[in-house]
Amino acid sequence: GNSVTQMEGPVTLSEEAFLTINCTYTATGYPSLFWYVQYPGEGLQLLLKATKADDKGSNKGFEATYRKETTSFHLEKGSVQVSDSAVYFCALSSGGSNYKLTFGKGTLLTVNP
Amino acid sequence: NAGVTQTPKFRVLKTGQSMTLLCAQDMNHEYMYWYRQDPGMGLRLIHYSVGEGTTAKGEVPDGYNVSRLKKQNFLLGLESAAPSQTSVYFCASSLQGGDTEAFFGQGTRLTVV
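The listed protein sequences correspond, in order, to chains W and P. The first sequence lines up with residues 19 to 131 when you count with our numbering. The second sequence lines up with residues 1031 to 1143 when you count with our numbering.
If you are wondering where the hints come from, they were derived from the structure by calculation, not from laboratory data. Because the structure is a prediction, the values reported are computed rather than measured. It is possible that some hints are incorrect.
Said to hold, decoys possible - Calculated pairs, DSBU-like style, for lysine-lysine (alpha carbon to alpha carbon, straight line, at most 30 Å):
no.: 1; chain 1: W; residue 1: K74; chain 2: W; residue 2: K86
no.: 2; chain 1: P; residue 1: K1039; chain 2: W; residue 2: K118
no.: 3; chain 1: P; residue 1: K1087; chain 2: P; residue 2: K1044
no.: 4; chain 1: P; residue 1: K1100; chain 2: W; residue 2: K95
no.: 5; chain 1: W; residue 1: K118; chain 2: W; residue 2: K78
no.: 6; chain 1: P; residue 1: K1087; chain 2: P; residue 2: K1039
no.: 7; chain 1: W; residue 1: K86; chain 2: W; residue 2: K70
no.: 8; chain 1: W; residue 1: K70; chain 2: W; residue 2: K118
no.: 9; chain 1: W; residue 1: K78; chain 2: W; residue 2: K95
no.: 10; chain 1: P; residue 1: K1039; chain 2: P; residue 2: K1100
no.: 11; chain 1: P; residue 1: K1039; chain 2: P; residue 2: K1101
no.: 12; chain 1: W; residue 1: K123; chain 2: W; residue 2: K74
no.: 13; chain 1: W; residue 1: K118; chain 2: P; residue 2: K1100
no.: 14; chain 1: W; residue 1: K118; chain 2: W; residue 2: K74
no.: 15; chain 1: P; residue 1: K1087; chain 2: W; residue 2: K123
no.: 16; chain 1: W; residue 1: K86; chain 2: W; residue 2: K118
no.: 17; chain 1: W; residue 1: K86; chain 2: W; residue 2: K123
no.: 18; chain 1: P; residue 1: K1087; chain 2: P; residue 2: K1101
no.: 19; chain 1: W; residue 1: K70; chain 2: P; residue 2: K1044
no.: 20; chain 1: W; residue 1: K95; chain 2: W; residue 2: K123
no.: 21; chain 1: W; residue 1: K123; chain 2: P; residue 2: K1039
no.: 22; chain 1: W; residue 1: K78; chain 2: P; residue 2: K1100
no.: 23; chain 1: W; residue 1: K70; chain 2: W; residue 2: K123
no.: 24; chain 1: P; residue 1: K1087; chain 2: P; residue 2: K1100
no.: 25; chain 1: W; residue 1: K118; chain 2: P; residue 2: K1101
no.: 26; chain 1: W; residue 1: K78; chain 2: P; residue 2: K1087
no.: 27; chain 1: W; residue 1: K70; chain 2: W; residue 2: K95
So that you can see chain P by itself, here it is in the shape it has in the complex (with noise of 0.2 Å):
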């Protein structure tokens, strides 16, 4: 029983390069998330998905272009990575919003050179 996979598990850029960060979930979860978090800061949202086609923005969107072709996967872009994106990056789903249970992956741990 995987639950949420994230792919890669660490990365380091360097400014103005850009990546995808692959979130996959087996548990036919409608909603989906992506949340980075930063020390002091706890976790903010980025980008959001209530089914699939579907994607809305959280909190900090600005840097970030996200996808939801398949509905298990979630993709979340860097287009041009800059140093204030080093996070550790988590995705999430749930089966529904509200007071649902949301299931967290392992993270990716990103550093911005």
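Next up, chain W with everything else stripped away, as it sits in the complex (with noise of 0.2 Å):
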């Protein structure tokens, strides 16, 4: 079945440091890849996703890359700010007419002034 690994937290930085998540993921198929990201007492929102290999998903300056030789998805962030500490969560749904999404265990980021 599918599953997704993702490196285990909590992961604590400055300020303006360099992000890195690792998510890795076993799938049939071909899935499609999705970062969401949980804020303090909020539900889970779609942070980024990519629907192929060699696909890119960007958005609020994070990004991630779908790379199938790799199995890996992940995220990356060039400069973070206090505001982005989050829960951060992969996640896979298989291609076709699959209707659930398969989630990692999360990883917490605090980030200190």
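Both chains are sitting in their own frames, so use the hints and assemble them into the complex.
What follows is the structure, encoded as structure tokens:
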């Protein structure tokens, strides 16, 4: 079955530091890949996505590239801000008519001023 | 623009009591989902629905029932609550399955004592 493995946190960075959160997946077929973000006290919201190999998703300075050869979708940001403090979830949805998202366990990011 | 609304936001139940969590979406989405979020476990799918009048089991359906009598509403029921059901419950909806974005409610924090 499908599964997502992401680096365990928590991750603590200083403002303007470089961020990488690793995510690898196991899936049949050609999944779509997502990063969702959960700010304190809120539900999840989509941060970015990529639907095929070598696609790069980007939003709010965050980027992730769909790497089929390494089955990875690592999240990066060049300069984090305090407001980026949140829990980040990697997720996948298998192609075709699949209607479920499979989530990783989440990575808590704390950015200090 | 309400999006996905969950009620209630907080609830404390005694073991053996029953309750219903309500999820309402105003985006005319076909697909709706119930997840539970537990520390270190990420999000796990309880039940989902691909359209009005349909429901299906997810990863962890035991102890829960659902109904989708109207397209905009998805109800999650606990017939006899157990302490193991203490969790944060999230409802989500999406226009369709596959690689479409899922929109989440703000969650219901349920404690069973």
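Are the Cα atoms of K1087 of chain P and K1044 of chain P separated by 30 Å or less? Roughly 25 Å between the alpha carbons, so the hint for K1087 of chain P and K1044 of chain P holds.
Decide if the proposed pair is consistent with the structure: K70 of chain W and K118 of chain W, CA atoms, cutoff 30 Å inclusive. 17 Å, holds
Given hint K74 of chain W paired with K123 of chain W - CA-CA distance at most 30 Å: 22 Å, holds
Tell me if the straight-line CA distance from K1087 of chain P to K1039 of chain P falls inside 30 Å. 24 Å, holds
If you draw a straight line from the CA of K78 of chain W to the CA of K95 of chain W, is it 30 Å or shorter? Cα-Cα ~9 Å, so holds.
For the pair we were handed, K78 of chain W and K1100 of chain P, check the Cα-Cα distance against 30 Å. Given pair K78 of chain W, K1100 of chain P is violated - Cα atoms ~36 Å apart, limit 30 Å.
Take the C-alpha atoms of K1100 of chain P and K95 of chain W, compute the straight-line distance between them, and say whether it is at most 30 Å. Outside the cut-off at roughly 42 Å; violated.
For the pair we were handed, K1039 of chain P and K1100 of chain P, check the Cα-Cα distance against 30 Å. Holds, because 22 Å separates the two Cα atoms, which is no more than 30 Å.
Given the hinted pair K95 of chain W and K123 of chain W, is their alpha-carbon gap at most 30 Å? Distance of about 20 Å is within 30 Å: holds.
Is it true that the CA of K86 of chain W sits at most 30 Å from the CA of K70 of chain W? Holds. K86 of chain W to K70 of chain W sits at ~8 Å (cutoff 30 Å).
30 Å Cα cutoff - pair K70 of chain W, K95 of chain W: 21 Å, holds
For the pair supplied as a hint, K1087 of chain P and K123 of chain W, confirm whether the alpha-carbon distance does not exceed 30 Å. 21 Å, holds
In this structure, the earlier hints numbered 4, 19, 22 and 26 are contradicted, and the remaining ones agree with it.
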